[in-house]
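Taking the hints into account, I'd like the entire structure generated from these sequences.
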Amino acid sequence: MRDFKRQHEAFNKKTEDDKDNALATASGVASAEECNLYEEMSIMTELSALIYTVAYLVDIVGKGGYEVSSSWWPWSTPERKQLEKTSLVIVDKCPIDGSCQVALKKKLPAKNVTDFVAANEELLSNDPEITGDAEEDDIHPRTMLTLSAMKNSANDGNYIWCFDHRFGGTGLVYGVTVNRDMKRVTVVFRGSQTGEDWSQNFQVLMADLKTPHLLKDLGFDEDIKVHGGFMGYLLDDDVAKMELSEENFREKKPGKYGQILLDLEECFNHEEDGVKVHEGFNLYVAGHSLGGALSTLLAMKLASSRFLKENINAAKTIINMSVASPYVGNQAFHNAIMRLEKEDWLRHIRVTNQGDVVPVAPPKRFLWNAVYEPYVHTGLNVHLLKGKGKIEIGYDINRTFASQFSLSSADRHAVDDYWDSIKDDKESFAGKSASALYETYFPK
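The sequence shown finishes on residue 448 if you use our numbering, and the numbering steps up by one all the way, no holes.
Don't take each hint at face value.
Cross-link-like lysine-lysine pairs, in silico, BS3-like; alpha carbons within 25 angstroms at most [unchecked claim]:
hint	residue 1	residue 2
1	K110	K280
2	K436	K346
3	K89	K115
4	K280	K320
5	K394	K430
6	K427	K394
7	K436	K448
8	K85	K115
The calculated label-pair distances, taken between Cβ atoms and stated as ranges, are [said to hold, decoys possible]:
hint	residue 1	residue 2	range
9	E314	D277	21 to 27 angstroms
10	P447	R310	47 to 53 angstroms
11	K346	E88	46 to 52 angstroms
12	T404	K320	23 to 29 angstroms
13	D277	D400	44 to 50 angstroms
14	K220	A122	47 to 53 angstroms
15	E200	E126	36 to 42 angstroms
16	G199	H274	34 to 40 angstroms
17	T404	H274	43 to 49 angstroms
Derived from the structure by calculation, the hints contain no laboratory data. C-beta atoms are modelled at their ideal positions from N, C-alpha and C, and glycine is treated no differently.
Laid out in structure tokens, this is it:
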């Protein structure tokens, strides 16, 4: 069992030490090219932890609170106790299938989220659903990461712009955050938590994805195929088949992808005193595990979206930071992302842990390859070798299951373990930025 108390002290120290570093980086114009890779990966990993914790707490609020007692009688209603300080974050609730769908307040200040999570630390520490083998007095590492993420940005210029929870009855969860200090808007996806999430993970057969318009304009017309479960989770069928123009999103609002585009349009065009305060911000897309795979599919769609180019004034280059992502698509999908990278419309940093088997799933070559072509990874891979004081960096890296297999794979896949690996390898990131790495490793 991990020494959680030691980790807690380390997280708290990191929070204080890195706060000054983050603010120093954020002074002036904090472009994606200027940000240190260590800081970038730390922030995106923290946001990936944040989405898990907030979704978990919102789900409990929607159930009317957490169970404090239950009866042996199967038809009895368990006694529940509502969470503390829900008024800080919750704006609405409505009955859906006997439960409640709750929504976070729009433009929710980071300080409110920090206070909400801190007020419910005891639940987060003791609920076996998230603590696993942690001792009763320990705080779950994911909760520490969440508090670290919010404490480092708890001022008036940093907030959760929107949080989409069980939209349309589906389990896909995402949030849009704003960091004015660093001039960035981030779409972050939650990883696998529910049975529905796992159902999508196991739909491993590839599905056709029509080539987006801007890629066609560049002369790209290969047969793109992507993981059927991931595509079904993110894209409405009409969007996947390009039978619905993006200009009609405001009326049709198809699936998660259409809703995300509308959220980004609202965010980037938000005005205060007649000024669009988010205009020109960098656009990031991030997530862990399933969330990492969804982030890569979304980043590819956004970077090739005519709707985004015409209606959302973000910085030119979209930054995708995926953590522990499984495979997403075929060679044509890889080539499409590479084409977008060559246009400087997209950068993909794919972070993996040594010993985590999820990034080599589904197996690149298996029974389905008799009919379907193999999966291929995309982007610039930053591979973390925890405790060895070094990292491996490369483009077009596809590792084998045998090289990644470990008896501790479940631990190595956890988002807090990724954060721990990033911290342990901090010195290896000295002087490195995403832009500089692309100049070095991206095929000429």
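For each hint, the structure was consulted:
For the proposed pair K110 and K280, the alpha carbon gap of about 17 angstroms is at most 25 angstroms, so the pair holds. For the suggested pair K436 and K346, the alpha carbons sit about 20 angstroms apart, so the restraint of at most 25 angstroms is met. In summary, the hint linking K89 to K115 is supported, as the alpha carbons are separated by about 12 angstroms, within the 25 angstroms threshold. In summary, the hint linking K280 to K320 is supported, as the alpha carbons are separated by about 17 angstroms, within the 25 angstroms threshold.
A C-alpha spacing of about 9 angstroms is found between K394 and K430, which places the hinted pair at or below 25 angstroms, so the restraint holds. A C-alpha spacing of about 11 angstroms is found between K427 and K394, which places the hinted pair at or below 25 angstroms, so the restraint holds. Taken as a hint, the K436 and K448 pair is honoured in the structure, with Cα atoms around 19 angstroms apart against an allowance of 25 angstroms. At most 25 angstroms may separate the alpha-carbon atoms for a hinted pair to count; K85 and K115 meet this at roughly 24 angstroms.
A hinted range of 21 to 27 angstroms for the beta carbons of E314 and D277 is consistent with their spacing of about 25 angstroms. Taking 47 to 53 angstroms as the suggested C-beta distance range, the pair P447 and R310 does not conform, at roughly 27 angstroms. Distance hint for K346 and E88: a CB-CB separation of about 51 angstroms, consistent with the stated range 46 to 52 angstroms. For T404 and K320, the hinted distance range of 23 to 29 angstroms is not satisfied, since their beta carbons lie about 36 angstroms from each other.
As the Cβ distance of D277 to D400 is approximately 48 angstroms, the hint placing it in 44 to 50 angstroms holds. At about 49 angstroms, the beta-carbon gap between K220 and A122 stays in the expected band of 47 to 53 angstroms. At about 29 angstroms, the CB distance of E200 to E126 disagrees with the hint of 36 to 42 angstroms. Checking the proposed 34 to 40 angstroms range against G199 and H274 shows it holds: the Cβ atoms sit about 36 angstroms from each other.
Range check, T404 to H274: about 46 angstroms between beta-carbon atoms, so the 43 to 49 angstroms window is met.
Checked against the numbered hints above, the structure breaks hints 10, 12 and 15 and satisfies the rest.
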